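First to last, the sequence lines map onto chains B and W. Per this note's numbering, the first sequence runs over residues 3 to 87. Per this note's numbering, the second sequence runs over residues 112 to 259.
I should point out that these hints are in silico values taken from the structure, not numbers from a laboratory. Misleading hints may appear alongside valid ones.
Output of the computed footprint for chain B on chain W, the stretches with three or more beta carbons under 8 Å from beta carbons of chain B [unchecked claim]:
(1) 117 to 127
(2) 151 to 162
(3) 211 to 225
Pair by pair, the computed Cβ-Cβ distance ranges are [said to hold, decoys possible]:
(4) B:P27 to W:A210: 47 to 57 Å
(5) B:T55 to W:P195: 23 to 33 Å
(6) B:E15 to W:D149: 14 to 24 Å
(7) B:R43 to W:P180: 43 to 53 Å
(8) B:P54 to W:P180: 39 to 49 Å
(9) B:R43 to W:A254: 43 to 53 Å
(10) W:A114 to B:E29: 45 to 55 Å
Chain W is nowhere near these chain B residues, computed Cβ spacing over 10 Å in every case [unchecked claim]:
(11) A19
(12) G38
(13) G46
(14) A60
(15) G67
(16) P82
(17) T85
Since the model is a prediction, treat every value here as computed from it, not as a measurement. For every residue, glycine included, the Cβ atom is placed at its ideal position computed from N, Cα and C.
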Amino acid sequence: MAIEILYFAWVREAIGADAETVNPPAEVTTIAELVGWLSGRSPGHAAAFADPTRLRAAIDQDFAGFDATIAGAREIALFPPVTGG
Amino acid sequence: MRAIRVQAEAFDPGAELARLEALGGGAVASFTGLVRGDGGLIDMTLEHYPAMTTRAMAAIAETAEARWPLIGLTLIHRYGVLVPGDRIVFVGTASSHRAAALESCAFLIDWLKTAAPFWKRERYADGRGAWVEAKAADDEATARWQAR
Chain B
3 MAIEILYFAW VREAIGADAE TVNPPAEVTT IAELVGWLSG RSPGHAAAFA
53 DPTRLRAAID QDFAGFDATI AGAREIALFP PVTGG
Chain W
112 MRAIRVQAEA FDPGAELARL EALGGGAVAS FTGLVRGDGG LIDMTLEHYP
162 AMTTRAMAAI AETAEARWPL IGLTLIHRYG VLVPGDRIVF VGTASSHRAA
212 ALESCAFLID WLKTAAPFWK RERYADGRGA WVEAKAADDE ATARWQAR
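Whenever a hint applies, use it, and build me the whole structure from the sequences.
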């Protein structure tokens, strides 16, 4: 199923896009697996996702851990730890 | 009263405080965050995740309202380009109790720093530009509210 992936901050800059629509294969079931799969899309993706400990994720606008399942997700965002305030 | 705003425009803390004072609670606490000009900072650009930002801020507000007897709560966070001295964030709380106003204000700013999807990019006079790294101290500040 198609999922909208959103990128923010340096993740967006490394990839060179703020969003893309992807269709991951069925064996990609968690955020961690999705990040691994996305890494193969371009050198920019590989650079952005080289160190997953520097990344955070949200599924349908709620923070999610890397072990969270992506089943049924419509929008997944990948970004650095937040620095507002 | 709960007011949550994410905006590019400047805000007036005096006007925000007046709104909270008009609620008649007897105690108003506030925090205003300003852009620091450390190290030759020219400006700072705040990016956010619009669809998630207001939701995350509402969730933070709900948690504070469940924890303290508040009659008013105002959260304002700016995005876009800001220069040193600009106001970036405002938290205001009103209550009938001094401790509730002060503690909830501290709680809200700590949580905003770690649970609202904003990112800062800094630009310096010498040409350097860098995304601000999240600080362990911010996570610790949030964690201390969970330990209570």
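Against the structure, test the hints numbered earlier, and report the numbers of the ones violated in rising order. Hints 1, 9, 14, 16 and 17 contradicted; others consistent.
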